[in-house]
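Peer 1: Put the two chains together into one complex, using the hints given.
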Amino acid sequence: MITIKNLVKHYDNHVALNHIDLSVGKGIVLGLLGPNGAGKTTLVSILNGLVDFQEGEIEIFGMPLNRELHAIRKRSSFIPQSLALYDNLTVLENLRFFAGIQKISGNDLHQNIDYALTVNRLHPLRDQKAATLSGGQKRRLNIAIGLLNNPELLYFDEPTAGIDPESRNAILETVRSFKNDGKTVVYTSHYMPEIENICDDVAIIDHGRIICQGSLETMLQGEKGDSVLVELLHASKAQLSELAGNHKGVEVIDAATLMTHHLSAREMGALLTALEAEHIALKQIRYGTTNLESLFLRLTSQGSCDV
Amino acid sequence: MFRAMLLKEFLLLLRDRHALAALFIMPSIFILIMSLALKDTLGSDRVLSSYTVVDQDNTAQSGRLQSFLRDNSALQVHEVILTNAAQQQQALNGALHFVLSIPQGFAQNLGKEQDGPSLLQLTVASDVKPEVLAFFQAELTKGIMRLRLEKMQAELAPFLPDVAQRLEAMAFAGDGLVAVHFNGMKANEQPTSTQQSVPSWIVFGMFFVIIPMSTVFINERKQNTLMRMSAMNISVPVLFAGKIAPYMVINQIQVWLMIMVGIFVVPLFGGDALTLGHSITGLFMVSLGLSLAAIGTSVLIAVMAGTVEQATTIGGIINILLGAIGGIMVPKFYMPQAMQDFANVSPMSWGLEGFLDIFLRGLGAEAVIMESLALTGFGAGLLLVAGMIFSSKMKRGA
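The listed protein sequences derive, respectively, from chains V and H. If you count by my numbering, then the first sequence holds residues 1 to 307, one letter each, in order. If you count by my numbering, then the second sequence holds residues 1001 to 1398, one letter each, in order.
Next up, chain H with everything else stripped away, as it sits in the complex (with noise of 0.2 Å):
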């Protein structure tokens, strides 16, 4: 009998269009874009700022300044020539942040005590986010810094070679100085815009079961398919198994299609590869958990809309809703504490932050017991209210 149902699903299904476009082809480019279109805001490699630099000192000190920035792959240097003030303020409203000016007597300067004009120059595009500003000020503090303690290490050779010696190992030590350890990846491992936006994508299209199962089920009860299968001897109960088990199995098959894009399909277009985590059990846990959240809702929706059109803009609208509450279409760390403690009553929160456990957080399946159940209870229950409407309705002859 399941069998008979399951098939019948699929071949509805696979035939039509529309529906394999919402769950397989939307999230699949939502993935792909976000992957990409975040990649500058989370990977590990990003570039924050781009800039230039009019070096009026031209000395070994100003070069050395240059030379540290142009270290760091998180500032883009460009390489303009900037001879008047006009030029400058073109470059800033197009692709720079910062014009970067060393003064002449820069060198002379960098010994001397702070009371007279500053070393450098900064002039900031009006677009600049404060947190950018504050770390290209900081860069540059530390060049200052570093160019400094090789000055007073080159001063103090010549008198005391021992501190000279420990002064120029403590200014190349770098950034080894602080070890950064990301919570549950591996050493050298760092999360990446695709960690994040697949897990995130990947609920959204789960939840897109609502449209053709809706479609499917009131074009069943509006042809009374479904009350010449229950002529047939068909339960509620087996009648909601049969939409459940085709459903679930088509769920798993856009979280594993999901996850493929993620590992092969984003690093063709120069994204980060999605990395699996460590728990299969617990990618299996939440994706089943949150599988039957998402068919409980489409039933629910299925059962109380009049039309296929009512259940596909109601579907359509609780979706976009669940998802903005819950962390999909902004990531919760982006939220105010007030909106993050909200974004935990989306079913979509509790998934999503099901598989950042996994995939982002490299937890265990111990770590997803939580979620897992509360998506499992809240499937369960609204598989229950719509079996008692739809029950009741049938009996009616309604």
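Extracted from the complex, chain V is given alone in its bound form (with noise of 0.2 Å):
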């Protein structure tokens, strides 16, 4: 569905994207993951022709993406991050005008509204002002209006974000139920249990450059195990080195951070008397932190896949 060979995108100096390479199959949720500024909402934008890129080739749908923009884009649709709907027009009528825009017509215009409507519960806000919504009915509006041309490819830019629980456990539904459409989806996001969740294929992005990609699947069964997240205040990262080299089990992750894996009680105790010693509080234990947020952590401070 995707095949992006050596993509190569800068701004003046500093290099967005590094010799990417990345593909994603059809029918497939692949989760696209990594820090801020790590290149992710660069890739999804260039992905849709709205950024220029300086080198390498991508094809979408078999198309080569230069040449075929306008095709790809009719069989695709880009949800971004912010909210890009018109907060004085009610639901209907932004379904109306962004449909109108694609020259969406007759039976299809109906057809695809009332589908838009329906996979985002919005049948009953349908005549209420975009202004008037909650945080969570917006970003369903959001993602309302990609489905208005009924995509084979759907691109989302963190559309979870700042929104309360319920109104994310909707849209992650809702992401699923593309899956089951047979719809292929990139889903940019940095919270790792929603890419858990809802994803098959997990890109991990970071400096621009794809440090790790496979099926979720592959990627976690390195990390199974008892994993704790250390937080640490004032710490070096040197001082966590030393401590590192004198505890098995022990790595750090950056200058406040150390994980541990499979630390018996005994160990952990030992562990953190050796903080105590060196005189670094602690800020938090975070037991049970979830698998790929391990990974996730473990890949970006190293910088490389070895899974």
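Honestly, the hints are just simulated from the structure, not real lab data. In this text the structure is predicted, and so the values were computed from the model without any measurement. Hints may be right or wrong, so weigh each one.
Unchecked claim - Calculated cross-link-like contacts (lysine-lysine; reagent style DSSO-like; alpha-carbon spacing at most 30 Å): (1) V:Lys248 with V:Lys179; (2) H:Lys1395 with V:Lys138; (3) H:Lys1151 with H:Lys1112; (4) H:Lys1151 with V:Lys5; (5) V:Lys74 with H:Lys1151; (6) H:Lys1395 with V:Lys74; (7) H:Lys1395 with V:Lys5.
Peer 2: Right under this line is the structure:
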């Protein structure tokens, strides 16, 4: 469905995407994970033909992006992170406008609007002004607009940012339903549980490079076990590196974070004692961190994939 | 596609009370106020000055002089009794411009050669404009000359009846001696303050599309609605066309609403009714050119400004500057020649001249071709620049 080869994008002297290779199969939900500024939004913008790139080749639906952008866009849809809609129009007016500019008319217009309203549970709100909707309802309308052309491929850019858990669950359920409909989804997010919940494949992007890509299941195989995240106050990376050298199963994530793997209670006690001896205060200890989160933190700190 | 864009812009505008006020109510009020405020300055039956008479002669001749003055609608007599200097000074500090004193012996001295004291005494308020004083003096001189002519005619009648009869005929020839024709207007038609004001404030009001246009455009850009539309295969030219078309319609609604205000509302408040001129085609040519110029300016500002606040502030300042330079605030004929020449840099001046050609000078479509082309070229040029900047920003992901 999507094949990216050697993609390079830079803004003046800043390299945003550094020789990216990525492929996404049909009917797959791909989670695109990465810290802020890693290049996720730039990649999605390029895939939608919104931003130029300097090098590389992109094929979508087997068609080259730079030559068949029009045809590709007709079969795909981009749901931006921001609420790209009109507050002063009603839900239905928003949908009609965005359908109208895509030249959707007649039976398709009614069917597609009905589908978008149904999937996003917006029927009862159809005559309500967007300005009066809650944050979660606006997000759903934002998604509904993206469904008007009945796309085969959907790009979601942080669709659940800043909304309540109930709305988040509703949106995740909607994305899951796309998978059942055979649609392909590229889903960018910060939230690891979301990615674990809905994605088949994951690509982790950091500093403009894809540092790991594969099926979620395969990736997490190496992460089975009891990981504990130890967050610290006022530590230095040198101190932590020394500590990690003295304790088995302890990994330094950054200057304020350690991750432990398969530590017994005694080993954990020894680590905490050592921290206390070094006058390093604890911020919090997180047991039961998700496997994907631990993998993500490890990979983004190491800068490479070893799974 | 255009239908959807048109409908969207209309719905957004209809639900934006501030924009509606800026586009429709503000220029309507300007037209009403300025038509009424300038009625006495530009109208045909305006009152130029007010005066009172202290008649110490009380003769038929002094009465005749007052009668001549009363016949002139530009001079308004106030019947006040002034018995001392203090009352006179108080009157001149108030509503009166002149106190005319007709001294005793006026009638007797009419036929004498002017080597003694003046025939009349005129006291003038300190704020009277020189041209108004000159006009009043000329009216008094004219009155005296008529009285002298009448006196000569009466004296000659017994001896030279033919000459006396001819003198009588000449004395009462009146204003018909000079026929006045206003350029492009029918006989008996005169330019009014409404004819001057409506075109000015139509032009000014049309440029106020900057406010709703830039507000919607910048919000669309900030919320990534434009980006979303771009991802839906809407190209920049189509996107711009989707902005231009609705606002051209809105501008035309403005033009015709302002014209209706001039025709129907201004007379309700005592002003002169607007007359349309003779060329609807010319009117459309100028208004469409002006619309493109206003929309081009709006889109360029919207593309370049970072925030709605910036756009509305910059847009407002540009509007006022273009209006001040272009003869909207102060009619060009009040300006010195150098300023009149400078006014030609403002597209508002081109539009105003085009409208004045139609409304005031009664000219046809051929007279406004240059103005219309200049406005269209100006607007198209700005849209081109705006399109290039916008495309570049979008492609850079800015």
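Peer 1: What hints, given by number in increasing order, does this structure fail?
Peer 2: Hints 1, 4, 5 not satisfied by this model.
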